[in-house]
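Colleague: Whole structure, please, built from the sequences with the hints as guidance.
Under this note's numbering, think of the first position of the sequence shown as 1, with each following residue one higher.
Fair warning: there could be bad hints in the mix.
What the hints assert, rightly or not - Now the in silico label distances, taken between C-beta atoms and shown as ranges:
#, residue 1, residue 2, range
1, 5, 183, 16 to 24 Å
2, 16, 93, 35 to 43 Å
3, 95, 43, 30 to 38 Å
4, 83, 60, 35 to 43 Å
5, 182, 16, 31 to 39 Å
6, 134, 170, 26 to 34 Å
7, 9, 149, 33 to 41 Å
8, 156, 20, 22 to 30 Å
9, 93, 42, 35 to 43 Å
10, 60, 171, 33 to 41 Å
Hint data in this document are derived by calculation from the structure and do not stem from the laboratory. Ideal Cβ positions, reconstructed from N, Cα and C, are used throughout, including at glycine.
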Amino acid sequence: MNYRRAEIKDIPGILLLEKKYHKNSISEEDKPDGFIGTFFSENKLKRLIEEEKGLVVAYDGDRLIAFANSASWQFWQTWAVFKPMIDDLPNIKYKDTVLSVDNSYQYGPVCIDKYNRGTEVLFNLFECSRLLMKDRYPILVTYVDQSNQRSFQAHSRKLGCEVVKEFEFHRNKLFVLCYDTTNKTQGIIIN
Numbered sequence: 001m002n003y004r005r006a007e008i009k010d011i012p013g014i015l016l017l018e019k020k021y022h023k024n025s026i027s028e029e030d031k032p033d034g035f036i037g038t039f040f041s042e043n044k045l046k047r048l049i050e051e052e053k054g055l056v057v058a059y060d061g062d063r064l065i066a067f068a069n070s071a072s073w074q075f076w077q078t079w080a081v082f083k084p085m086i087d088d089l090p091n092i093k094y095k096d097t098v099l100s101v102d103n104s105y106q107y108g109p110v111c112i113d114k115y116n117r118g119t120e121v122l123f124n125l126f127e128c129s130r131l132l133m134k135d136r137y138p139i140l141v142t143y144v145d146q147s148n149q150r151s152f153q154a155h156s157r158k159l160g161c162e163v164v165k166e167f168e169f170h171r172n173k174l175f176v177l178c179y180d181t182t183n184k185t186q187g188i189i190i191n
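Modeller: This is how it looks when you write it as structure tokens:
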């Protein structure tokens, strides 16, 4: 397995994985095993790679099997869904710290091909992402759809993200989870 920061050449593989597991296109058979709710255009992915430098990918040989997005709140502010999340940051406290656009960033979505779920890929992808962002932001924030129990269990139980509140947007109920980026995870990056 190879884990690294994404490059422009990775975009076609990311788009394929995204289409396969997005909640609007995933098969009903696969939906209970997890899905992603945010869609990225090729241009947004390019900005994420070049400007934010927070997109990580995992490869098994020459096959892209996973990706995880991380970006500043400034990157997300142009999306309608993130505006209320950004506005709500001052109402969220994590480990005695009130969240802001300066001390936290948005992590996700994370997408792992179903054949690689339940393996070390989640831990290594998360650790690779944490390493890219930890010097810029001490707090990771992620939102998980409450109907996506597989993702919730992966983030809370396996990765140790802590639920700090619940959030509702357009009748979608989400968990808000945080993680202290100074804490190393159990991921071991092997290239």
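Colleague: Would you pick out the hints that fail for this structure and give their numbers low to high?
Modeller: none
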